[in-house]
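A.B. asks: Chain A is already provided as a structure; the job is to place chain B on it using the hints.
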Amino acid sequence: MYLYDEFDQRFVDQRVEQFRDQVRRRLEGELSEDEFKPLRLMNGLYLQLHAYMLRVAIPYGTLSAPQLRQLALIARKYDRGYGHFTTRQNIQFNWIKLEDAPDALADLARVQMHALQTSGNCIRNTTADQYAGVAADEIEDPRIYCEMIRQWSSIHPEFSFLPRKFKIAVTGAPNDRAAVRVHDIGLRMHRNGEGETGFEVMVGGGLGRTPMIAKTIRKFLPKQHLLSYLEAILRVYNLAGRRDNLYKARIKILVHEIGAAEMARRVEAEWAEIRDTAVDLPAAEVARIADFFAGPAYAPQPAFVPEFEAARRSGADFARWLRTNTAAHKQPGHAIVNLSLKPAGKPPGDVSAAQMEAIADLAERYSLGEIRVAHEQNLVLPHVALRDLHALWQALDALGLATANIGLISDIIACPGMDYCALATARSIPIAQRISERFHDLARAHDIGGLTINISGCINACGHHHVGHIGLLGVDKAGEEFYQLTLGGRADQDAAVGAIIGPAFSSDTVVDAVETVVDTYLALRRQGERFLDTYRRVGQTPFKEKLYAAH
Amino acid sequence: MAKPAALQIITANRLRDGAVVYLGPDTHWSTRISQAVAAADEDQARALLAVAARAVAEAQVVAPYAIAVARDASGLRPASYRERIRAAGPSIAAFAAATAA
Chain A
0 MYLYDEFDQR FVDQRVEQFR DQVRRRLEGE LSEDEFKPLR LMNGLYLQLH AYMLRVAIPY
60 GTLSAPQLRQ LALIARKYDR GYGHFTTRQN IQFNWIKLED APDALADLAR VQMHALQTSG
120 NCIRNTTADQ YAGVAADEIE DPRIYCEMIR QWSSIHPEFS FLPRKFKIAV TGAPNDRAAV
180 RVHDIGLRMH RNGEGETGFE VMVGGGLGRT PMIAKTIRKF LPKQHLLSYL EAILRVYNLA
240 GRRDNLYKAR IKILVHEIGA AEMARRVEAE WAEIRDTAVD LPAAEVARIA DFFAGPAYAP
300 QPAFVPEFEA ARRSGADFAR WLRTNTAAHK QPGHAIVNLS LKPAGKPPGD VSAAQMEAIA
360 DLAERYSLGE IRVAHEQNLV LPHVALRDLH ALWQALDALG LATANIGLIS DIIACPGMDY
420 CALATARSIP IAQRISERFH DLARAHDIGG LTINISGCIN ACGHHHVGHI GLLGVDKAGE
480 EFYQLTLGGR ADQDAAVGAI IGPAFSSDTV VDAVETVVDT YLALRRQGER FLDTYRRVGQ
540 TPFKEKLYAA H
Chain B
0 MAKPAALQII TANRLRDGAV VYLGPDTHWS TRISQAVAAA DEDQARALLA VAARAVAEAQ
60 VVAPYAIAVA RDASGLRPAS YRERIRAAGP SIAAFAAATA A
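So the sequence lines, in the order shown, correspond to chains A and B.
Residue 314 in numbering that gives the first Met the number 0 sits at position 315 of the first sequence, with consecutive numbering throughout.
Residue 43 in numbering that gives the first Met the number 0 sits at position 44 of the second sequence, with consecutive numbering throughout.
Chain A on its own, in the form it takes in the complex (with noise of 0.2 Å):
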């Protein structure tokens, strides 16, 4: 893991000292709000519909188990004793009181974490890939370049006042499993015709109002020119995005607008022009960050455990867990294992500090001390090995976190909503609850397969509903909550925007109407088909009959 040098330190420190002085000038009347709001923005804390919420960032997703401990810690002396984490790899906090709010970053600081732009027109959290560093599919470790991206944007006197926020998603592998496509900017790692490791560059993607997949402007860039690249790109959007119109701000409207092609030809432009100074990160430091991120020395393990190999034979329970909740590892014997934060009925991405000190605990004992937060809203073990798998599941049943439902259709994405968010015009959460009960047969979701379900409780997207397989957008129709559905969305490599199905669905309703879709799969459905290969198959037409047949 990345540690934090002495500047590193001192910066985070002199922010939280910062933030510590313009809460005490607000509280004692010296700035107004419209004065403070921009300031506490900037230090990750909005004020929601019942409190104000801390945002702290948790930089491409990975955590130590002091850091997890430490979470726990400020969930139980500054808010409810939970925490919730969130589609961007944050952990979000919904009750701490703005005068706790210094300390709760001070206490931040002192594991080498912080809530920095985590909100505003700056360039956020970088995101990715959840199994980065030990996937067996993946090139290259993507933190490196993340870490990269999170010192050279970190209060970058160019990029913090841009015409809109901005988000930058990074995979080290072919399976994208980071939603690159979604994002402002999505770099995925591969190798050229003479076996260099370089990045094709996707520009323009985001959900919200406007759904858009990410449109490549370069095919292969050397990965020794990332920074000046990226540089390029956000001089291209903070000269020409569009500052007249709040929903037209974001990059993607920019691409679109102006198309592809000339929005390569600009980047490579304004690049041609920014590529030899300075902007690029000598080897040496490149090499420097590299070594943080080297992977930690495994203990050698065999390939074939029989004592696991009995275990898997003789529990069902195990076997399923081991088919959903593990992934293959690059390191022989050992595996990835998927903590997931969907128990039947319980709100998505939810968790309490006594489950995080409890997951500290484990990730010690079995994972080299290592967590990750995947956008899915589940935790990860990235290195446990085969032997111990057994025992972790047990450890991790008995704390309510071994539901084997990863990638199904329990495991849902959803925003907290209007239960907690100001923006929200429905709650998600509740929506979440009402499904992951309804299919909490796990033999049935089992049978159902991989099938995502994404809940919005606003246009803003949150929730990803755009990109779900079957998404949940809430919408206020009259003073009444409603949802809209959407089919045939994914977020993978193969990213794809769903398609809304026809009128929206009561409260009442939608979760007989999910059902409805998922019964109408199922009949149609052919021997190894998933749900969006059916649905491609056959089209919307089925389902919409189906789905508004008594009407």
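Calculated directly from the structure, the hints in this document are not laboratory data.
Please note that a few of the clues may not be correct.
To give a feel for the contact side, a few chain A residues facing chain B, derived at Cβ under 7 Å [stated by the list, open to error]:
| hint | residue |
| --- | --- |
| 1 | Leu48 |
| 2 | Tyr51 |
| 3 | Asp418 |
| 4 | Ala421 |
All residues carry an ideal CB built from backbone N, CA and C; glycine is no exception.
C.D. replies: For chain B alone, kept in the frame of chain A given last:
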């Protein structure tokens, strides 16, 4: 016949902790909607908002606004579900309480 004006009360978030508060009598802000003073017409609502503006200037509350309410047997009830959730808290069970080890 003109429709009678809906009752309105003034709500805001308390500056120091963000709590949802309602303007009560004697410029007192309460976390309980039952303590709110209701305006029966637009003139009364404007007068209450003027009181709220002073509380903003005095760094007590943030972003006050008027909301429509109805009075029934149980007291004042916000017209919109957004404001009902603000008044009652999240509609979901407190997560930590539900999972406390």
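A.B. asks: Evaluate each hint against the coordinates.
C.D. replies: Comparing the hints with the structure gives:
no., hint, verdict
1, Leu48, "6 Å, holds"
2, Tyr51, "4 Å, holds"
3, Asp418, "4 Å, holds"
4, Ala421, "9 Å, violated"
Taken one by one, the earlier hints fail for this structure only at number 4.
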